[in-house]
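*Asks:* Chain residues, written in single-letter form:
2 protein chains.
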Amino acid sequence: MTYLEEIAKRAKEASAVLAVKTAMEKNAALLKMADRLEERASEILEWNGKDLEMAKEQGVSGAILDRLTLTEARIIEIADGLRKIVDLRDPVGEIVDGWTLPNGLYIQKVRVPMGVVGIIYEARPNVTVDAAGLCLKSGNAVILRGSSSAINSNRVLTDVIAGAACDSGLPAGTVQLVESTDRDSARQLMKMHGYIDVLIPRGGAELIKTVVENSNVPVIETGIGNCHVYVDGCADIDMAVEITVNSKTDRPGVCNACETLLVAEGLARDFLMRVRGALEEKGVELRGCEKTRDVLDGISEATEDDWYAEYLDLILAVKVVDDVNEAIAHINKYGSGHSECIVTNDYENSRKFTSGIDSSTVYVNASTRFTDGGQFGMGAEIGISTQKLHARGPMSLPELTTTKFVVLGEGQVR
Amino acid sequence: MTYLEEIAKRAKEASAVLAVKTAMEKNAALLKMADRLEERASEILEWNGKDLEMAKEQGVSGAILDRLTLTEARIIEIADGLRKIVDLRDPVGEIVDGWTLPNGLYIQKVRVPMGVVGIIYEARPNVTVDAAGLCLKSGNAVILRGSSSAINSNRVLTDVIAGAACDSGLPAGTVQLVESTDRDSARQLMKMHGYIDVLIPRGGAELIKTVVENSNVPVIETGIGNCHVYVDGCADIDMAVEITVNSKTDRPGVCNACETLLVAEGLARDFLMRVRGALEEKGVELRGCEKTRDVLDGISEATEDDWYAEYLDLILAVKVVDDVNEAIAHINKYGSGHSECIVTNDYENSRKFTSGIDSSTVYVNASTRFTDGGQFGMGAEIGISTQKLHARGPMSLPELTTTKFVVLGEGQVR
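One line per chain: the protein sequences are A and B, in this order.
Per my numbering, the very first residue in the first sequence carries number 3; after that it's consecutive.
Per my numbering, the very first residue in the second sequence carries number 3; after that it's consecutive.
Pulled out of the complex, with its shape left as it was, chain A reads as follows (with noise of 0.2 Å):
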């Protein structure tokens, strides 16, 4: 049996007893995890030292750099963010729907955990503890697969809070961590159909393709984000440019930020010559459609390749439409399905938006940033979905489970 053979079936083994655990010894559990942090707090600030020691040698960049380093502040945020899921409702156990049959059969549908969840993620460490703790109370058993450059923060991370859990009685195989992070690795993760019953690849767009493209495992697709704002013929010139600078800086490296910007002819002049200066002051750089660069003299010219970029820095692409139609079209062959928003005060045309885009968020008059579990007030995120089947936009707790019916009988036969 291989190291990755026996890792999932001790996770397989752990999912059943999991499946069945109160959410109080749950709970006891994340408690545990979250006092173990701050109780090691010295000690896993030392291994991440190692881990961005190696960063910096490899010449890493600021912005990477900081995601990757953890301070003591930073570990009693991430331990808080384990008792917040305390205070999560369990969703096991749930039963989401139920009915009687004409032959007295009593049918339930039960929400259950899913088994084991395997995440594949990048950089970050605060995901090895995030992700553990929902697993957990959600009755999953975990299987962690981060980056070679966490690689030190990773383990004394997992040892701490997978220490913790077993400690509470929970079984070993309740939180594991694949030491080897090597490509191999990953690619047998993908191909463990029949131990792992989901794979959520949280990262780069690269890192999403190959995995939808090489698993067998069922997988959900998460967090690419080439979303849109569009201003409508009628809509409000201070909210549109109000909402377009929130969308596009208010946090520019994120998968909600907006990358391009549609805006309806009719309100094109007035409202570009507005913002322009807004997000300029921000510091971003516009590439406009022709008929955008009439209107706004020397900004660079968009190619097809910028229609369907994910920028996640500070540029913005703008496009003049003839009206919400046209918007929607766009829209639907570009996007990435993430998050859409139409400033408009025409009923019509709010509700043409809302229905025609293809999207798991689509916003009326309000910032793309607000798609987030923790601000649509579902109390944690496990990542945003971007793909259709079992899960579409942010995911929380009950996104993590699946189903059974329950059929209780006296007797009866077909």
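Keep in mind the hints are simulated off the structure, nothing from the lab.
Treat the hints loosely; a few may be bogus.
For chains that are exact copies, the list does not tell them apart, and a pair is met inside one copy or across any two.
[Claimed, not checked] No farther apart than 30 Å at their CA atoms in a straight line, the calculated lysine-lysine pairs in the DSS-like style are these: (1) K211 to K111; (2) K335 to K354; (3) K14 to K354; (4) K11 to K211; (5) K284 to K335.
From a predicted model like this one, the values you see are computed outputs, not experimental measurements.
Got chain A sorted already, so can you dock chain B onto it with the hints?
*Replies:* Leaving out everything else, chain B in the frame of chain A:
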């Protein structure tokens, strides 16, 4: 652009139109499809005759030939199936959840079509119409890829129903058949991520496995059923015999038929002596573990392969187990996650079984034969999912949809 890319592109374009069709428009098309099937029955039978001739030449056996055969009565039945779909509630537009955030954002989680559904199926031409009807009602475009043995029947059926859909004002890509039935066309379909939103294989274990292993399109696995009946120590023996016989023999060739019988040691002698006669009367061959063979003289030995087997035939593997715990462990190890039954009058054991078994449907004191969309009162069935992602158990219209978040604001930003 290849033949299949053209089909996929047409389906994708159609899906955008279908997504916003009202139930009235979709129902009108379904009724026209039903009428046309009856009007063109003799033409359909003629083409079906060609498939039957071909099958007979190839020496195809009785049961498969029977499934391939259409008659005037069967065509009326298929048309009535479409009329029943008209009566089902349109799942599209259902608001499944909704809330208002503290900042005033009003969130609705709305049911919307998947988009493009691909069905890869074997033999039965009725699937062509059933699947198309369910996909249409749920607002999806469908790409049908049947087997070569039914190509003439599938071609004429698709011609009839796609024509009716078109004449009802629905787009050309609403219902399409892939007319090339070689392996390559199936493999190409499995690689159409971005065009096809979900692929549902319907057929034997080999087909399902091929699709799961080769598809980069999300897949819903259906219909592999190694189902179990477990007779607990304090079961009512009459009830246990009746449920066992019904689960095994009512229709042995379908996925919800029982394949392995487990018996608690305490009741083994009394029960096995009773059930043997009832089963053998129906022509069932028994294969037993050592303890079973101690009680039942002359039956053959069950090997490890038998515990994994989906016979789809009048064969039943029989094993004596210590108690409910061993029964659960056996089922979770060897089962396919379809349907399992405990016959018991013990409260605690019934609870252990329903919570411990990791299958789509768990019965207490009822035949496994009830796992079926029609029996469950869902009105119609596109298949029975044995995976955990997206849908589990019998799938009907809601399982052919996804959701999106519609968020209404008044200018909110973060």
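*Asks:* Each hint should be assessed against the structure and marked as holding or not.
*Replies:* Cross-check of the supplied hints:
1. K211 to K111: Answer is between: at 27 Å across copies they meet the 30 Å cutoff, but 34 Å inside does not.
2. K335 to K354: Within one copy, since 16 Å is at most 30 Å while 50 Å is not.
3. K14 to K354: Between copies only: 19 Å across, 46 Å inside.
4. K11 to K211: both (27 Å within a copy, 21 Å between copies)
5. K284 to K335: within (29 Å within a copy, 59 Å between copies)
Against the hints set out earlier in the document, no violation occurs for any number.
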